Amino acid sequence: MIAFVARRLALVVPVLFGLSLLLFVWLRLLPGDPARALLGERATQEGIDRVNHLYGFDRSLPEQFLLFLERLARGDLGSSIRTGQSVVGSFFERFPATVELAVAGLGLAIVVGIPLGYFAARRKGGPLDHLSVGASLLGVVVPVFFLAYLLKYVFAIRLGWLPTAGRQDVRLDATHPTGLYVLDGVLTGEWDAAWDALLHLILPAMALGAIPLAIIVRITRASVLEVMNEDFVRTARAKGLTRAVIRRRHVMRNALLPVSTTIGLQAGALLAGAVLTETVFALNGVGEFLFTAVNHLDYPVLQGFVLFIAVIYAVVNLLVDVSYAVIDPRARQR
Amino acid sequence: MSPTTTRVRRLIAVAGATGLALAITSCSSERGTRQASAGGEKTGTFVFAAASEPVALDPAFVADSESTRVANQIFEGLVSIKPGTAEPAPGLATSWSQTDDGLSYTFQLRKDVKFSDGTPFDAEAVCFNFERWYNWNGPLQAENISNLYQLVFAGFKTSDNPALTKGIYKGCAAQGDAVTITLTRPYGSLIPALAISSFAMQSPTALKQYKADDPGASGDVRRNEYSTAHPTGTGPYLFESWEKGQRLTLRANPTYWGGKPKIDKIVVRIIPDGTARLQALQSGEIDGYDLVAPADVQGLSGAGFQVLPREPLNILYLGMNQADPLLADIRVRKAIAHALDKQAIVSQTLPAGTKPAEQFIPPPVNGYADSVATYDYDPAKAKKLLEEAGAVGKTVTFNYPTGTSRPYMPSPEDTFVAIRTQLEAVGLKVNAVPEKWSPEYLERIKAKTDHGLYLLGGTGIMNSADTFLGIFFGRKTVEWGFEDKKLFESVAAARSARNLAEQGEKYATVSKELMDLLPGIPVAHPVPSLALSPRITGYVTSPLAAEVWNTLEIKG
Numbered sequence: 001m002i003a004f005v006a007r008r009l010a011l012v013v014p015v016l017f018g019l020s021l022l023l024f025v026w027l028r029l030l031p032g033d034p035a036r037a038l039l040g041e042r043a044t045q046e047g048i049d050r051v052n053h054l055y056g057f058d059r060s061l062p063e064q065f066l067l068f069l070e071r072l073a074r075g076d077l078g079s080s081i082r083t084g085q086s087v088v089g090s091f092f093e094r095f096p097a098t099v100e101l102a103v104a105g106l107g108l109a110i111v112v113g114i115p116l117g118y119f120a121a122r123r124k125g126g127p128l129d130h131l132s133v134g135a136s137l138l139g140v141v142v143p144v145f146f147l148a149y150l151l152k153y154v155f156a157i158r159l160g161w162l163p164t165a166g167r168q169d170v171r172l173d174a175t176h177p178t179g180l181y182v183l184d185g186v187l188t189g190e191w192d193a194a195w196d197a198l199l200h201l202i203l204p205a206m207a208l209g210a211i212p213l214a215i216i217v218r219i220t221r222a223s224v225l226e227v228m229n230e231d232f233v234r235t236a237r238a239k240g241l242t243r244a245v246i247r248r249r250h251v252m253r254n255a256l257l258p259v260s261t262t263i264g265l266q267a268g269a270l271l272a273g274a275v276l277t278e279t280v281f282a283l284n285g286v287g288e289f290l291f292t293a294v295n296h297l298d299y300p301v302l303q304g305f306v307l308f309i310a311v312i313y314a315v316v317n318l319l320v321d322v323s324y325a326v327i328d329p330r331a332r333q334r
Numbered sequence: 001m002s003p004t005t006t007r008v009r010r011l012i013a014v015a016g017a018t019g020l021a022l023a024i025t026s027c028s029s030e031r032g033t034r035q036a037s038a039g040g041e042k043t044g045t046f047v048f049a050a051a052s053e054p055v056a057l058d059p060a061f062v063a064d065s066e067s068t069r070v071a072n073q074i075f076e077g078l079v080s081i082k083p084g085t086a087e088p089a090p091g092l093a094t095s096w097s098q099t100d101d102g103l104s105y106t107f108q109l110r111k112d113v114k115f116s117d118g119t120p121f122d123a124e125a126v127c128f129n130f131e132r133w134y135n136w137n138g139p140l141q142a143e144n145i146s147n148l149y150q151l152v153f154a155g156f157k158t159s160d161n162p163a164l165t166k167g168i169y170k171g172c173a174a175q176g177d178a179v180t181i182t183l184t185r186p187y188g189s190l191i192p193a194l195a196i197s198s199f200a201m202q203s204p205t206a207l208k209q210y211k212a213d214d215p216g217a218s219g220d221v222r223r224n225e226y227s228t229a230h231p232t233g234t235g236p237y238l239f240e241s242w243e244k245g246q247r248l249t250l251r252a253n254p255t256y257w258g259g260k261p262k263i264d265k266i267v268v269r270i271i272p273d274g275t276a277r278l279q280a281l282q283s284g285e286i287d288g289y290d291l292v293a294p295a296d297v298q299g300l301s302g303a304g305f306q307v308l309p310r311e312p313l314n315i316l317y318l319g320m321n322q323a324d325p326l327l328a329d330i331r332v333r334k335a336i337a338h339a340l341d342k343q344a345i346v347s348q349t350l351p352a353g354t355k356p357a358e359q360f361i362p363p364p365v366n367g368y369a370d371s372v373a374t375y376d377y378d379p380a381k382a383k384k385l386l387e388e389a390g391a392v393g394k395t396v397t398f399n400y401p402t403g404t405s406r407p408y409m410p411s412p413e414d415t416f417v418a419i420r421t422q423l424e425a426v427g428l429k430v431n432a433v434p435e436k437w438s439p440e441y442l443e444r445i446k447a448k449t450d451h452g453l454y455l456l457g458g459t460g461i462m463n464s465a466d467t468f469l470g471i472f473f474g475r476k477t478v479e480w481g482f483e484d485k486k487l488f489e490s491v492a493a494a495r496s497a498r499n500l501a502e503q504g505e506k507y508a509t510v511s512k513e514l515m516d517l518l519p520g521i522p523v524a525h526p527v528p529s530l531a532l533s534p535r536i537t538g539y540v541t542s543p544l545a546a547e548v549w550n551t552l553e554i555k556g
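From first to last, the protein sequence lines are chains A and B.
Residues 1 to 334, numbered by the numbering used here, are exactly what the first sequence covers, in order.
Residues 1 to 556, numbered by the numbering used here, are exactly what the second sequence covers, in order.
Some hints here could point you the wrong way.
Anything over 10 Å on all C-beta distances counts as not near chain A; from chain B, calculated [said to hold, decoys possible]:
| id | residue |
| --- | --- |
| 1 | Trp257 |
| 2 | Gly458 |
| 3 | Leu487 |
| 4 | Ser490 |
| 5 | Glu513 |
Reference excerpt, derived from the structure (chain A facing chain B, CB under 8 Å, subset only) [stated by the list, open to error]:
| id | residue |
| --- | --- |
| 6 | Arg42 |
| 7 | Glu46 |
| 8 | Val51 |
| 9 | Asn52 |
| 10 | Gln85 |
| 11 | Arg94 |
| 12 | Thr164 |
| 13 | Ala165 |
| 14 | Arg171 |
| 15 | Thr175 |
| 16 | Ala282 |
| 17 | Leu297 |
Quick caveat, the hints were computed from the structure, so don't treat them as lab data.
Source: prediction; values computed, not measured.
The beta-carbon is built from N, C-alpha and C at its ideal position, and this holds for glycine as well.
The shape of chain A in the complex, shown without the other chains (with noise of 0.2 Å):
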């Protein structure tokens, strides 16, 4: 397994250089110029010029890149052109934002798509299956922001049950020791503050785990309804196990396994989809800064934050082939 691991995590390094060397020529090649989008409309030549020499962007794309890398050996990915914070540093002050979301957006499909899957598919051509089918069809079809908005307006606005935007009530004064703060109301014991930021917490989660919620249940469905035609199944059931042996021991480790591979892939889906979550819902996330960085051409940002979202995806997709080698011995052999 330690082998597994190390190979898998050496094959990462390669991967991360090829993006970063096609992530900087391309920022480099989109029209337009950060200095300008920087100073606005009444920047002057020089301003920019001056501007420009200062972050070093008038110099050569490779001895701009060599640096880049020189500087990443150090650790060290620069500071944003646009507020002078350094990009590291606002990483991990939006990353806790970011993963209580996806955690909580995640954490919802898989416990409400997988069961939702199997029933669906243990009781095909039923009512819980035509239902399941076509909500999760609606989940992939409906766009992220328009489902956010949809959310907030019936349950915030509407209904006044849940609040519309931020992550905690800024009134109350709750301690954040990790920065993930349902997590931080419970080590401090402020019950309330983590109440608040579990309310928080539910409207954006349901806007980002629909998607990956409908894919799940079909995924599931799908997969379950294939392995219980196996012949092993029959042979099970011919040998007289009972059916809930039958169920957890055979088609569900057997069914769970495309399953978890798609839920792998998913960690992808919804970083990009924490970039539209994070913004409706003012969560101050990794995503939300992304999305600012790109319109004022923050380099050093676009260029960090996507570096480190590679590695998470990577290290994601890392556990993913690790619980694949853990639900089926086969695997570790490969």
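Chain B: place on chain A using the hints.
Frame of chain A; chain B shown alone:
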């Protein structure tokens, strides 16, 4: 695994699902009670939603509106703004006088004022601030760091850049309760300029203790310890805490010399999305936000929210690039001016209360001329002028930005459509070139010569024509595409007038000249507004958006 564990697991699953369902349903009651208590017991907290995080809290380094909004609560300058107007008024200086040559200003300082760290505000502190700005060097001279200092004072003590060595500041002398600032050459707008928050007075002790001019660990002076955790001024509120990306908290200053704040605590939270700000106000999570989208005004006022308009200190114009041979012809420019029905553009695409513009500066600004050449809406005359110029049926390029909403230009796409229709009605063909505002559109207008008609404008940062005519027409630019040495000289002369009265006269002459030259057409002065919860009273809007929140009250 035994059947028992299966049953236990199933139980856990059911319990979890029930818990979730309960959580979702029960929040209705919870939410309800919390809101009621917030309204009922007068929490004494004013929550304002900013569109972006303040860049820095050291006002000397920032010009963005979110940083300035916070700085206006913590800091004060020698000169302040008379509430509700754009007029300079006594601030930390109770009065001032200047010599006839316009080279020396003496300020009488307010007595018994203390910075929030307990150190006295006095003549030495004033000179310390002026000398601090003047001595900045290296990266502190970058356009994005000391933008406003460069705009007003034009240079530093030393600089690698020769253009930045010819500043107007000469020296500062402290005499008891008075301070004399001397200049190397006259600068007519010094008094209104000193009301800009970048020139607010900061505690010398705190500036030194927390190394305000040092880049610090982050490598950027705007993110150093002073600017993120210890901004120290004389204003009605004190900095309390800043949780990056989430909220910034201010507390009432117990030793404030002026009108004591009626609200104990201010929380500025960051909600970048416009719709999210609107919804947060509607649900009672915030008490106010700025720059209400024109489309939301009616809905908000209908639902009992306050929508407070600001007197506009801005201009939206239709530029006409003279590098384009068609637009180089004054007859074509005049024809376009006569083709525009400004009143229709205003009522179709701009916020209620907006007035059509006649000059490139808004009426409250010093330098607004009594009368200028006007070009009334007259399609027949426009057609005749186009015929004379042989331009009937010609195609004119029209650049406009997309995906942006500026205070002076809330919905450029709509404004473009209105103008295009009017141009086509007099026989011009329009080649529409939409581009993303930043950086594509800005680059097209400011750095490339191939634009034609275009929409742009500006918002004043002080009550001076410098921030309009001085910036637009101070020299040859790619934007306007013309060279007129006489005009540029007149602007320079107005800038260096000896006093405000003289400057006003000179800029009025420039404004008149401009409407004869017609490099563009002033379209309107759009009214920006801000929205407040019905429970807030006492908000006095400022044309400069320089509102100080010590007058605010929370109704029971």
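Contradicted hints - numbers only
2, 9, 15
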